[in-house]
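Throw the hints in and build the complete structure from the sequences for me.
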Amino acid sequence: MSTPSNLTAADQAANAAALSYPSPLKEFWQSFSANRGALIALIFFAALVLAAILAGVLAPHSPTEQYREHLLTPPAWVQGGSLQFLLGTDELGRDILSRLMHGARLSLMIGVVSVVLSMLPGIVLGLLAAFYPTWLGNGIMRAMDIMLALPSLLLAVAVVAVLGPGLVNTMLAIAIVSLPSYVRLARASAMTELNKDYVVASQLAGAGKLRLMFNTVLPNCMAPLIVQGTLGFSSAILDAAALGFLGLGAQPPLPEWGTMLASARDYIDSAWWVVTMPGLTILFTVIALNLLGDGLRDALDPKLKKLA
Amino acid sequence: MLLDIRNLNVSFGSTAQPFQAVSGLDLAINRGEIVGIVGESGSGKSVTMLALMGLIDAPGRVTADALQFAGQDLLGMKAAQKRQIIGKDIAMIFQDALTSLNPAYTVGYQLMETLRLHTPLRGAALKQRALELLEQVEIPDAKSRLNAYPHQLSGGMSQRVMIAMAIACQPKLLIADEPTTALDVTVQAQIMELLVNLQKQNDMALILITHDLAVVAEVAQRVVVMYAGEVVETSSTELLFNTPRHPYTQALLASIPEHSKGAKRLSTLAGVVPGQYDRPSGCLLSPRCPYATDTCRTQRPPQLPLSGTSVRCFTPLNDSGIPSHE
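Line order of the protein sequences matches chains A and B. According to this note's numbering, the stretch in the first sequence is residues 337 to 644, in order. According to this note's numbering, the stretch in the second sequence is residues 214 to 539, in order.
Keep in mind that a hint or two might mislead.
[What the hints assert, rightly or not] Partial list, computed: chain B residues near chain A (C-beta under 8 angstroms): (1) 215; (2) 296; (3) 313; (4) 317.
[Said to hold, decoys possible] Chain A regions said to be covered by chain B (calculated; three or more residues, Cβ under 8 angstroms): (5) 356–368; (6) 522–535; (7) 547–556.
Since the hints were derived computationally from the structure, they do not count as laboratory data. Here a beta-carbon is modelled for each residue, glycine too, at the ideal position from N, C-alpha and C.
Written out as structure tokens, the structure is:
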């Protein structure tokens, strides 16, 4: 008597289990974590973010304090080094490790701000170009073509030359330089989406232009944009370092990585660590971000995986 | 009369050399009626419906003597006013169910979005209505499907969701644009049965655009045959299938595989629908018509009433399927 009812209960439980769809986040994590390189990059990046946030607590010294009696101390594992300065000191006796940790704050901020500053207008312009393809779209795309025709670093230097050197202007310059790639990407994916029936269906359901743009089409264009954002983050850090190296970016004594490289240029022969440490930090950060971007792309946009 | 279209013209391209996608189309639909629109690809079936919905964007041009829905003039209506009717009183189902749902949102969200726009329902009542709709289109385990994303559904299931969204506001007219073309045969039958049941339950008119004549024969009360943007024959389903009056209708019926049983080759109509640059000056079918005369090649035939049907032909076929002049 009780067996049939038990069976149906068990059936129901089985059905319910089979039909509980995995959450999108879980699905994303499953495909992302399958990529070992991306996972390592994520850990490195998380450590970097942590070091940047906690620099005030974790850093052994102040980034600007000059230990006059310890000028150009080599790293701890090299002869003549001391445990007091793990990665050595620079030409003014400042602790390189502490400067790198505080510099991470600047670099991450430059990355975030310039990506946001170029992504948001880039998406809006790209969507406008896709929705009004005749004159507005053409105008936007030709303007982007002009920006693309100039070498990006040259354009950034020109922007900084107009606005004046400094951290804020560096971020603005980088944002302006990387704008075209977001516009083109947003426009291309929006145009693909616009041809699909669900856009017509949502027009039929009474959606207005703004709703169509931001609510219907944009979420379906986000995958390539997120990937481009991650890669743009790393190139922003590189560009900022380049501008800093040229003396157009963050100004000393700010511990920006590029600026550190520039001021240590004279000691390449005598004190290799002063140049090597910031250089390696930039290298690892950029590699980690690129791996992260690749991992995100594979997880978010499996169509692109085959192309790579 | 629910829908009254008179002399609808849709053209694309330059004004100097326009391409007439639809020309002089008259169509009247009554409340609760099922009308089939048939014709081969490129005959203007879908464009007609998009024009009705106001979805032909520039450079396309739409003109009509009348475009009335339930006594309201759709032509002179403002966009905002039109949006009140379209989506609520007129709904549409598309051919490819897999691309008709927005991949970024769950089924439940999309259903509730439509309901929120056109009904006063909010909160729990909204969710309840969405659930009811999914149950109405016979989706098993509707409750958990509310949280499913479109990629987690099969084609047939997606089409059911599309139908649920279309009937969400109890439309007076449902336009189904080849609703079963992208589905496999067993699912096709289920979806058609569902559509007809819903049509009966809600007493809505149903326009069924298809090139599957079998489907039309089974469910439609009236059939409109289109060719190259023109209506060539309008008649009741029974009359049309028994005694086609237009040579094109005859050819369409002859090309149904079942009618060629025993024959070595399937019957076909040679040639294709004329495009922008190869429009004949006379009857649009004349290059392909086996009965074409010199008159056919030089003059456009008008739409003429003929024993219960309406035919665009100089020499309509008689009961034995032979042109009347012979």
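Here is how each hint holds up against the structure:
Checking residue 215 (chain B) against chain A: minimum C-beta separation of about 18 angstroms lies over 8 angstroms; hint violated. The criterion of a C-beta within 8 angstroms of any C-beta in chain A is met by residue 296 (chain B), whose closest approach is roughly 4 angstroms, and the hint holds. Contact between residue 313 (chain B) and chain A, as hinted, is supported at the beta carbon level, the nearest pair being about 4 angstroms apart and thus within 8 angstroms. Because the beta carbon of residue 317 (chain B) sits about 4 angstroms from the nearest beta carbon in chain A, less than 8 angstroms, this interface hint is met.
Look at the segment 356–368 of chain A against chain B: 3 of its residues bring a Cβ nearer than 8 angstroms to a Cβ of that chain, three or more, so the hint holds. Against chain B, the segment 522–535 of chain A contributes 3 residues with a C-beta closer than 8 angstroms to a partner C-beta. That satisfies the three-residue criterion, and the hint holds. Interface restraint, the segment 547–556 of chain A with chain B: holds (3 residues with C-beta to C-beta distance below 8 angstroms; minimum three).
The structure fails hint 1 only (numbered hints given earlier).
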